[in-house]
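Given chain L's structure and the hints, the job is docking chain E onto it.
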Amino acid sequence: MHVVIVGAGEVGWYLAQRLGAENHDVVVVEQNEVIARALGDDLDVQTIVGNGVTPSILQEAGVDRAELFAGVTQNDEVNLISALLAKDLGSKQTVVRLENRELRGTAGQHLREAVRADLIIDPDADTAQEIIELVHVTGADEVYPMATGDVVVIGAVVGENSVLAGRDLAEIGPTREWPFIVGAVTKEGETVIPRGNVIVNAGDHLRVLTSQDAQAETLRLLGVEQRKVSRVMVLGGGAVGFLVAHQLQREGAEVTLIERDHRRAVALSERLRWITVVEGDITDTELLREESVAAMDVVVAATGEDTANVLACAYAAAESDAFTVAVLHRLALLPLVRQFGIDAALSPRTASANAVLQHMRGGTASVATFLESDVEVDEFVICPDCRADGAKVSELHLPHTLLLAAVVRTDGSSEIVSGETRLYAGETIVVFARPSGFTEIQQAFT
Amino acid sequence: MDISRYPARWRRGRPTILGHVTGLTLAVCGVGVAISGVVDAIESGPDTWSLLILGGIEMAIGVFLWRYTSMPEHLRVVDIFTTVMLSWLTLALAGAAPYIVTGWLRQPDLALFESIAGFTTTGATVLRPIEGTSPGILFWRAMTQWIGGMGVIVLVVAVLPAVGSGGMSLLQAEAPGPTGERLTPRVRHTARRLWGVYVGFTIVLAAAYGIAGMGLYDAVAHSFTTVSTGGFSPYNASLGHFDSASIEWIAIVAMLLAGGSFTLYFRALRGNVKPLLRSSELHFYLVVVLLASTYAFVANDASGPVSERLRDAVFSVAAIVSTTGYATTDFGLWSQGSQAMLLLLMPIGAMAGSTAGGVKLLRVLAVASFAHREALRQLHPRLVRPVRVGGAILPDRVANRVVAFMVLALAVFGGGAVLIAMTGPDMITSFSAAATSFGNVGPGLGAVGPTSDFLVLSRFARLVTMAQMLLGRLEIYPVILSLSFIVLRPRRHTRA
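If you read the sequences in order, they're chains L and E.
Read in order, the letters of the first sequence are residues 1 to 446 in the numbering used here.
Read in order, the letters of the second sequence are residues 1001 to 1496 in the numbering used here.
Bear in mind the hints are in silico, worked out from the structure with no lab data behind them.
Please note: incorrect hints may appear among the correct ones.
[Unchecked claim] Here are the simulated distance ranges between beta carbons: (1) L/Gly105 to E/Tyr1295: 45 to 51 Å; (2) L/Glu99 to E/Pro1381: 30 to 36 Å; (3) L/Gly105 to E/Val1063: 57 to 63 Å; (4) E/His1074 to L/Ala114: 46 to 52 Å; (5) L/Glu99 to E/Arg1076: 54 to 60 Å; (6) E/Tyr1295 to L/Ala318: 53 to 59 Å; (7) E/Met1427 to L/Ala294: 29 to 35 Å; (8) L/Ala294 to E/Ala1340: 57 to 63 Å.
No residue lacks a Cβ here, since even glycine has one placed at the ideal position from N, Cα and C.
So here's chain L without its partners, still in its complex pose:
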């Protein structure tokens, strides 16, 4: 598949990396020569230095034979115009990154129709949404609600007093006692999809699939402490911080928002009426103490600077019992984060990339990729007359690179899968898989 990406920012870079790893031909158009060269050195993709709104450059990148075009610069105008050009030049599918919220609403409908984009993404809004999901399930460090049914994937570190600690996963089947299925286990930086005979210890990171109703029970069994969220501190008033603060305040939390830039702080204070906006540097511990960080239930650091986010969260974690969430732009920092006592970290790039991947894969209903590992969760609808239609799970002989976790019946009820579960066409399955196992899944189910 030929893919053209305009803009090698966070989202573009990550997309190129993901798609390149799946053996697609990726061409990236980037204006900044230094970034373009760095990208070309790092990934197996072609780079073209130039402006994405120039037809000749787009042609050089091969948009005329592209299956997918993604305009993902930080500039809405460039994304819109380049996507329009790409469509005119013959690109099959186009993805546009659009951050202007008004343009995403009804007021921008005609514009969007004129551009004929197939998918519109907003990394900041997606990141904010992920943070809010995390806050709803304080204690977990990853929460991905699946598109269909009431199935949710939760990632969390097994607590000291968890009943799971020391047990073999083979004992833990999906019974009433264990209302979840373990999809991935991370021990010492190594992630595996478990097929029994894995001993879980406190401190291991698990990704489990459960139903919304059993969520609280699952977290309890994992030994994760949940708390009521009534006081929230948001550090950094950028697009992500704004959205998170706004949403949590609307849900009834008392929110303090700290922003360094005076003019931005003034603008925020004018838009966020019921939020306490404070001007200051988020790494200023004096300021954090002044704003009683110790009394917070949740601290979210969402500035554009990774170091500031990590420092502020580390300080907050040391000073309080708060659930701390840091936004990280550089993935390499991720393994370090837990050592600082930070409860969860996420990156703006993954959320949006998930949407693009999902779109690319057509039949997939939803995709969740995890930051630290190459395991992803996919949803598929079982096609009529495929291998799986009417078969038992154990009869499918699925490879070890994937785990069939749950099935959503056509009546909307969901069920955690065992070897004896029978599958039928029209039902949706949720699968933990490595990207390399993707073709196997397609063979079996579509």
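Chain E in isolation, oriented as in the chain L frame:
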């Protein structure tokens, strides 16, 4: 301002905004006096000729001043405030003349009091007894309030063809409320629209009064003083003279409407109703009226049918909050709590952009938000938070001015009350006289209550209340700024 766009006849004469605007003001005043003369003739009163001749003289002087001066090309801030102030002083003097000439108020200071109480829409009076005075003079009393209600400068700006960039400042210097805003791209059209709504409101109300049983003369006179929230009435018993429930309910609605923002009305009439309905000042206004009326009704269990007591409670509260000052019942006999409540409401007034006096609810809301912010800042020293009125944000510049205004208002009110008290009256009388004058309400409490008049005060105390009326109507700044210009300018010249 590009003068050359206007016809040649506007370009002649000495360019001075002072003479130009003041002249036109005087001419407007003269027209009013002459109309009163005509009304006097229709009602076969004794003052027809004196009013007609006086009106003619005022018109002549005014037109002369106006035609032989022109708008200067550049307006200075000094000129704007001085012009507004001088126009109002001219109005006060020209408005006092009819009382003296016709002999109903021979002492110049009493005539001036009645004139200022009229133009500032206060409605306090020294005319005793009111009934028996010639119909022309009583009509002139109502007319002064009507002219002063929307503002003579607004009227002048609406008429002047050559008022350009300075016009908005002129309007803002006179218009009640902290936010003078343009309704139209041209300030002249804004002024016309405002007067248009005002005149329309007056006509509708006069018709309503007429249908409810008033004669033409009474209907027009009361319509003038209701729409302007003035409160003069040609009868000793004020609106209670008619003893008619329907008239009183009409007056209640009209007073409350006149206490609302005319700019919002104009927008609503044009089809844009949202700003009116969403105005948090309006919500606050209605809540204040509702709560105050309920308390007044509950706290005064006098005898009489419930409907009448309810009507009296709502009427008095509406009359005080809208700063109209009509009276149908003697609220001086109400419980102490109710009287204290009215005393508090007097200097506050109704909505910004209305014809009401007082500091306006908008400023009260703004100061409350300001105080809230400063309290929060004790907890969060580096808090960033705008001052809001409802959902709308007041820029810090405006918010600071509002707070400064409130401090000045308190000084004018308190200082005035103390000065009045020094001349002898009891404390309730002094404070309510100060409140009612500064708030442009009319009746006070105690010795200056609704059944009494301001003759009970000494001459000095009356001078204090006259100053307070002007300060209240022009919202302090134009008065003190123009005075400071007048006082400071010569000194600067001698030093230079």
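45 to 51 Å was suggested as the range; check whether the CB atoms of L/Gly105 and E/Tyr1295 agree with it. holds, 46 Å
CB of L/Glu99 to CB of E/Arg1076, is that within 54 to 60 Å? Since L/Glu99 and E/Arg1076 have Cβ atoms about 48 Å apart, the given range 54 to 60 Å is violated.
Between L/Ala294 and E/Ala1340, does the beta-carbon spacing fit 57 to 63 Å? Cβ of L/Ala294 to Cβ of E/Ala1340: about 46 Å, so the range 57 to 63 Å is violated.
Between the beta carbons of L/Gly105 and E/Val1063, is the distance compatible with 57 to 63 Å? Because 58 Å falls inside the window, the suggested range holds.
Hint check for E/Pro1381 and L/Glu99 - Cβ pair distance inside 30 to 36 Å: holds, 33 Å
Are E/His1074 and L/Ala114 spaced within 46 to 52 Å by their CB atoms? Check passed, 49 Å falls within 46 to 52 Å.
A range of 53 to 59 Å was offered for this pair. Does it hold for the Cβ distance of E/Tyr1295 and L/Ala318? holds, 55 Å
Is 29 to 35 Å respected by the C-beta to C-beta distance linking E/Met1427 and L/Ala294? violated, 52 Å
In terms of the numbered hints stated before, the structure departs from hints 5, 7 and 8, listed from lowest to highest.
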